[in-house]
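Novice: Now for the letters of each chain:
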Amino acid sequence: MRTIARERRQRAIPEHAQAAAGREAALVAAIWVAGLLVRLALMPATFHSDLYQIYSRANDAVTHGAWLSWSGQVIIQQVHNLWFLVIERWLPDNSAIWSSYSGVAGIGAQPSELERFLSYAYLGRALFLMKLPYLVADLVNGWLLTRLVEPRWRARVLALWWLNPLVIYTSMMFGRHDSLSIVAVLAAIVLARRGARLAGLILLGLGGLARFFPVFALPFYIAAYRRSWRQALLLAGVIATLWLCLDLTVLGLTGQSPTLTLLGRYPHVRYLISLALPVGDEMVPLLPMGYALLLLWWLNRPNQGTDAFLAGGAATMLLLIALMPFNPQYAIWAVPLLVPWLALDSRLILAHAAQIALYVVWLARWGSNVTWDLFQPLGKDLVERLPDPQLVAAALLPTEVWQPVVRGLFAAVTLWLAWRVLVLWRAGMPAAGAAGGGTGDHAPVNEEQAC
Amino acid sequence: MLRAILQARRLMRGHLPRRSGSWGLWPAALLGLALYLAGCRAPVALVSSLPPSASTITVYTSASQPFYSAHDGLRGIQLRVNVPTEFSPGQTPALTGGASLRVTYEPDLDPRYPDRDFYAWPESEQWLGELVDGRTVGQTFRSLYPGLNGITLRVSTYGADFSPGTGRLREGQPAIVREAPFAGREVTVLPGGTEVEVRSAREGWAEVILPDGRRGYVDQDQFASLPPPSRRNTGEVILRLYRLSDGALLRESRLPASTLHDQSHVTFAFEPLPDSYRQEYRFTLTAAGARPGSAVTFRFSPIDVYPEGSRLEGNGEADGDLIFRPAYAERMLVETPLDQALWSGLTGVLEVTFEPTGPTRDCYLRVTIQAGDRPVIVHWSWIRPPGGLPLSSADDPGAPAGGLVLNALYAEDVPVLSVLGGLARGYARLFWRDPWLTAAYIAVVAGALAWVARRARESWSHGG
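Line by line, the protein sequences give chains D and H.
Note that our numbering has the first sequence beginning at 1, numbered continuously upward.
Note that our numbering has the second sequence beginning at 452, numbered continuously upward.
These are calculated hints, taken from the structure and not from any lab test.
Here a beta-carbon is modelled for each residue, glycine too, at the ideal position from N, C-alpha and C.
It is possible that part of the hints are untrue.
Unchecked claim - Computed footprint of chain H on chain D; a stretch qualifies when at least three of its residues, placed anywhere within it, have a C-beta under 8 Å from a C-beta of chain H:
(1) 34-43
(2) 196-205
(3) 389-395
Go ahead and model the full structure; you've got the sequences and the hints to work with.
Specialist: Below, the structure is given as structure tokens:
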């Protein structure tokens with residue numbers, strides 16, 4: 001019966017449309033499979049010690065009950081703890097392979113512990129299982145992005161995410177969990193489009209608790225999916241109150257304020273203000289200034305709907321990557337909200353390709369640690385025979401020349417992308433288009449009525 | 452290589468249908484050429500950036516800097532110097548006024564052999580006991596430099612230099628008393644002809660006790676008379692060097708036991724082995740004509756202080772290691788005039804380049820700057836080059852404890868094919884050890900390929 005119904009439906013669609021749909025489906029399938037094969041090839045063969053450390057802490061949590069001992073990234077650590085509970089039964093004799101020092105802030109996994117892990121008989125399986133959540137997250141992100149755009153852009157958007165070297169490097173080569181938080185951000189948008197704004201907000205908040213990047217998109221979300229300004233302000237007040245309550249509760253329980261701990265000890269706060277212009281004997285940090293300017297400018301425009309959020313969010317993420325010192329794994333945040341805009345304009349794709357190329361060169365700044373050393377599961381002696389990219393670059397050009405030039409170009413291309421995204425949005429180019437038929441996008445609520 | 456690529460391109464053109472334009476094989480050829488070139492030599496620097504200068508030293512005669520060289524194919528040295536901008540009439544404008552730069556091996560500073568500190572006699576080390584006729588001791592080791600020409604060990608003669616008692620210095624020759632033999636700090640100067648209490652010998656120096664209770668060392672040659680020795684050692688000590696892989700005897704060196712000093716370093720010298728870089732050897736020590744009571748002994752560590760080799764006793768391995776250090780014939784890697792170097796106004800360094808030389812991987816090298824007609828002003832930094840050793844200046848023994856601001860450039864061979872083979876072996880190892888993972892991969896990959904093939908077939912069936 002189902003076959004007959006399908007045939008009838010197909011008869012109703014013109015042949016050329018069927019052919020185009022078939023080609024599109026084959027292309028999408030090819031993209032999915034190509035990305036999957038690349039990821040499968042990398043999963044058991046590469047990792048950064050960050051991956052080992054987060055699972056070592058998960059082992060501490062599960063075996064010693066130290067579920068809250070690592071305070072740096074509580075939410076994302078809990079996700080890993082739970083996943084470790086699931087996978088440990090498939091890792092025979094794994095008790096001796098984990099680090100005892102990963103949970104000690106400022107010390108971390110010792111070389112001898114890493115050696116032990118590398119000599120584990122089921123190393124390939126361990127790495128595969130440890131990275132599996134990131135593979136799923138990448139996959140879900142790809143699917144969510146295709147839900148955000150018009151059907152004709154889906155293959156392009158999927159390719160731009162799923163085959164993106166930045167994404168593959170971060171999730172699969174480096175073995176970094178940022179893709180999990182990106183799921184929260186993209187799912188929040190999809191939920192908001194379908195009218196579940198509050199659920200989306202909660203997801204975005206969770207994403208922000210896991211990694212600090214989504215926190216900067218929060219004001220854009222509240223404003224873009226508001227019913228009225230009064231509601232937006234109320235929501236902002238509720239969030240601030242909730243945070244204050246959380247802060248006071250933790251302060252009461254532990255004697256330490258999370259806010260002050262974050263501001264006083266978390267190195268990323270320093271990153272946010274590290275680029276500053278001297279004004280007399282004062283310093284004006286560029287990122288907070290740029291972010292505030294962007295937000296104020298954006299708030300001053302008609303800014304409801306997914307396009308508005310995607311534009312503001314993408315520009316914010318690009319601003320963060322351009323104007324603060326970043327570790328290699330952070331660059332993935334430049335991608336997810338940018339992808340729907342890249343699909344609209346080939347020039348943006350070229351600029352993004354240039355951004356990736358500059359990023360790859362910039363990786364040399366960290367040397368073998370984030371390049372050849374990632375391949376240690378394939379043989380440590382093999383990796384040690386390859387020259388350190390940092391030293392290769394230094395032999396070609398003085399470091400004080402090539403690093404500022406590459407970083408400057410990377411920041412320029414990244415900022416240009418942010419600017420082009422805002423221009424496209426202002427020009428009314430629909431990144432999210434009519435896909436999904438969400439409630440907020442194409443029928444903005446009349447503020448007068450809502451109030 | 453280029454010719455081979457062009458020939459391959461012509462051949463392919465003959466057999467493959469010609470496409471519009473002539474771009475078909477160029478990308479592949481260029482990629483092949485890039486891979487070939489990249490696979491041959493990679494430029495590598497010693498450090499990623501030069502350290503900040505603390506100040507400068509003026510080199511009137513020479514200054515040098517040892518460093519650990521991690522790469523092969525040394526092809527250049529960058530040195531931060533001040534170059535003159537004005538020249539007096541008649542003076543030839545030259546960057547350094549005829550200065551030159553030398554690079555040599557510095558095996559004596561390599562800390563990877565058990566004899567790490569010439570002056571240290573730690574209590575954790577012990578003497579082997581008399582090396583008498585019929586006893587064989589030895590050690591395996593890896594030579595880290597070319598030109599192996601000796602083995603230095605620590606020997607004791609059980610008081611064969613002199614007995615404790617009173618010695619008398621030579622008339623008219625004041626003797627410097629030092630805290631340690633050779634280069635120890637000066638304690639005092641004793642007038643010639645002084646009688647002084649001597650206790651023991653070390654490195655051919657006598658340990659003296661001054662009237663005020665202080666101790667020090669005086670060269671035994673400064674003494675007109677010393678108490679008679681407690682014993683006289685007889686016979687010869689024989690060192691034989693074998694190649695470890697096949698046991699072939701390569702060199703032999705003999706020293707009469709009577710010429711050895713108590714508690715001293717002794718080098719068994721032999722003809723240099725030019726190809727000793729990264730080769731493994733075994734040496735043995737035996738005695739001929741040495742009876743109990745007239746034999747010497749050698750120093751060893753009962754704990755393993757040299758993981759690259761093992762101590763030998765008789766025909767078998769024993770715990771610990773002999774305290775030894777290989778000796779090498781001096782070999783100049785590079786000597787080049789500094790005036791021909793390139794000056795960078797951007798970084799303030801002189802860069803001198805030369806044909807790649809070596810081997811220089813995993814070695815300690817020394818860069819020496821020899822001044823020419825005028826002094827050279829060289830920058831130094833509190834951050835020393837890799838290896839962590841301080842600079843030294845012939846003009847100023849009290850030179851700063853930092854390092855010269857320098858970088859070394861290399862053209863290192865990268866074995867691309869071997870690395871690719873290693874990658875393949877690494878993958879094979881990962882999957883070979885875990886059949887479940889292999890099965891899961893085969894299933895997932897086959898499923899994914901089948902799915903995409905079905906989609907493609909559907910697309911074609913719709914005329915796509």
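Novice: Run the structure past the numbered hints and jot down the numbers of the failing ones, going up.
Specialist: Of the numbered hints, just 2 does not hold.
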